[in-house]
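Novice: Spelled out from the first residue to the last, the chains are:
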Amino acid sequence: MRVVRVAPRSFRNLADEPIGFGPGLTVLHGPNGAGKTNVLEAVFFALTGRSCRTRREREAIAFGSSLARVEARLEPDPGDDGEPLTMMASISGSEARRRLVDGAPAEPGDDLRRPAISVFMPDRLALVKGAPAPRRAHLDRLVAALHPARAGLAREYGRALAQRNGLLARARRGAEAAALSAWDRALAERAEPLVAARAAAAAALAAPFARAASELGLDGSAALAYRPRTGELDAGGIAAELAARRESDLARGFTGFGPHRDEVEVSVGGRSLRRYGSQGQQRLGLLALLFAEREALRAARRRLPLLLLDDVMSELDPERRARLVAMVDDGGQTLITATELDHVPAAAAGLAIADGVATAEERR
Amino acid sequence: MHPAPVDRLIAELGKLPGIGRRTAQRLAFHILRSSDEDAFALATAIREVKERIGLCETCFNLAEGPTCAICSDPRRSRELICVVEEPQDVIPIERTGEYRGLYHVLGGALSPIDGIDPDDLRIDELVRRVEAGEIEEVVIATNPTTTGEATAHHIGERLRDRVTLTRLASGLPVGADLEHADEVTLGRALTGRRSV
Ligand SMILES: Nc1ncnc2c1ncn2[C@@H]1O[C@H](COP(=O)(O)OP(=O)(O)O)[C@@H](O)[C@H]1O
Ligand SMILES: [Mg+2]
Ligand SMILES: [Zn+2]
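In order, the protein sequences belong to chains A and B.
Numbering of the first sequence is given in my numbering, commencing with residue 12 and proceeding in unit increments.
Numbering of the second sequence is given in my numbering, commencing with residue 5 and proceeding in unit increments.
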């Protein structure tokens, strides 16, 4: 599936006109403030109902308007057997977000029909340098993309965890922690397959990550390692550990042990990129992670994610720019922004962006 | 806006699950347009279930009178009890034709975040039925959801060493409701139950 067109309405500074995308690589270029990043955000918003820039989607409503909406048209790639698809998202100042898929309210399964989306934006650096939670969530999304049947594992675990935490919180307020050991077991049974799925996804990522990092010039051997909080324990062992920690859990009112405390560690030369990496290294680390995921998805014969790369070129030297372009030239769809068209050394489709208006250009 | 009885009907219909104000209005006007015969049949049916249907004193399944049709059927095996969450979970199991024992309806599943503890379910009643002696095997057929699994574990802890305990075998998709399982899958789950 690829995005052939988005039609924004009152979205940031974008004109209310459809913007078309070709297959493969499209370069969005134009001066600072023209609206390049806004186009990437509009694509992401139409497909997910969320912004890839901010948690406050309402900021995307054009100044002076009350409602923003973006509609995306998706069509199957040649040889792909999916049906064309229209996805629409809207947000207004007064109402909740709305998402429609082919005109009907979106359902959870609909997101399996669109491509996964890999986003590189400067503010996504939190993924590399921030707390572990977004890295876990990111790994879980990769699990789902690699193995759709495993998509529910994190959600199921989260449900069981919320229940056990609910029980602990009530017990802390003086109620009896009735049936706590039953919840230990229910939680442990959902932890084991989640840990296994995360481990498998991280294992599929490790080699391509090291490779992409060195291609992009992240000096020193880069590595990605999954560190499950539960170590090698199976469900029985996890339940036993939960039982052993019961007193401290009851004292705190929440569960202190389990895969919700897992870490995904990214290191360069044996040192944590999160703690010791420079901003430039962290940017390359994030980029390498996105490419490693793409590689893992391809190896699993899954559809390649749609790549949204914002402002990646400015920090790379010409040789690495050429490598990056070679890496995306693999049949997937990529939208890349740059202030100068020359920064993208490839025969790519161009979209000139000026004042929120996109103009298609001939292929060079 | 409407005559008071119409507003009352709309308000009552609107209390039904999944019925919003607009749908309630549509249903009310449908009832207004329908024949006296149809409308009264609906009213009578509602009155009848409330007057005649209660819960079985033994298994808490729906019953007309103090004992349900299954508990009072002499051909059913008294050594086997199948534990389900809700009365509607009995129906798909009956449809498989694989099960000849009795039931025990818990009236829900453990859910701390909704304040549902063991005391809120008919678990003590189940333990008492088992203690009464005749029962040899308890099949736990709570839903394979988080809450259903925790409930199964809890019942397992309460009944361990008193009776043979089995859980519906795999085949039910994780996170699925019994009510929505198809007969073939459920039949397989019943014949291949595993001990807990
Ligand atoms: N809600 C909004 N309504 C209208 N214009 C907006 C809104 N939010 C941001 N903008 C404008 O969008 C422009 C920035 O667009 P952006 O896509 O970030 O530029 P760039 O091409 O540098 O990536 C700025 O001119 C800003 O004023
Ligand atoms: Mg920008
Ligand atoms: Zn009965």
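There may be inaccurate statements among the hints.
[Claimed, not checked] Selected chain B positions facing chain A (Cβ under 7 Å, derived; list incomplete):
#1 Pro-70
#2 Leu-114
#3 Asp-124
#4 His-158
[What the hints assert, rightly or not] Every beta carbon over 10 Å from chain A, so not counted as near; a handful from chain B, in silico:
#5 Thr-48
#6 Leu-59
#7 Cys-75
#8 Ile-117
#9 Gly-119
#10 Asp-121
#11 Asp-123
#12 Arg-132
#13 Glu-140
#14 Thr-151
#15 Gly-160
#16 Glu-161
#17 Arg-166
Since the hints were derived computationally from the structure, they do not count as laboratory data.
Quantities reported herein were computed from a predicted structural model and do not represent experimental measurements.
All C-beta atoms, glycine included, are put in the ideal place defined by N, C-alpha and C.
Novice: May I ask you to check that Arg-132 (chain B) keeps its beta-carbon over 10 Å from the closest beta-carbon of chain A?
Specialist: Since the minimum Cβ distance to chain A is about 18 Å, Arg-132 (chain B) lies beyond 10 Å and the statement holds.
Novice: Is the nearest Cβ of chain A still more than 10 Å from the Cβ of Thr-151 (chain B)?
Specialist: Contrary to the label, Thr-151 (chain B) does not stay out of reach of chain A, its closest Cβ about 7 Å off (not over 10 Å).
Novice: Is it the case that Gly-160 (chain B) keeps its Cβ farther than 10 Å from each residue Cβ in chain A?
Specialist: The claim is violated: Gly-160 (chain B) sits with its nearest Cβ about 8 Å from chain A, within 10 Å.
Novice: Beyond 10 Å on every Cβ pair: is that true for Glu-161 (chain B) relative to chain A?
Specialist: 6 Å, violated
Novice: Let me know if the C-beta of His-158 (chain B) comes in closer than 7 Å to any C-beta of chain A, holds or violated.
Specialist: 4 Å, holds
Novice: Confirm or reject the statement that Gly-119 (chain B) sits farther than 10 Å, beta carbon to beta carbon, from all of chain A.
Specialist: 8 Å, violated
Novice: With d taken as the least Cβ-Cβ distance between Arg-166 (chain B) and chain A, does d exceed 10 Å?
Specialist: About 17 Å separates Arg-166 (chain B) from the closest Cβ of chain A, which puts it past 10 Å; holds.
Novice: Beyond 10 Å on every Cβ pair: is that true for Leu-59 (chain B) relative to chain A?
Specialist: Consistent with the label, Leu-59 (chain B) stays out of reach of chain A, its closest Cβ about 23 Å off (over 10 Å).
Novice: Please check whether Leu-114 (chain B) passes as an interface residue: C-beta within 7 Å of a C-beta belonging to chain A.
Specialist: 6 Å, holds
Novice: Are all beta-carbon distances from Cys-75 (chain B) to chain A longer than 10 Å?
Specialist: 27 Å, holds
Novice: Taking 10 Å as the cut and beta carbons as the points, is Ile-117 (chain B) off the interface with chain A?
Specialist: 4 Å, violated
Novice: Compute the least Cβ-Cβ separation between Asp-123 (chain B) and chain A, then decide whether it is above 10 Å.
Specialist: Label violated. Min Cβ-Cβ 7 Å, cutoff 10 Å.
In summary, the numbered hints that this structure violates are 1, 3, 8, 9, 10, 11, 14, 15, 16.
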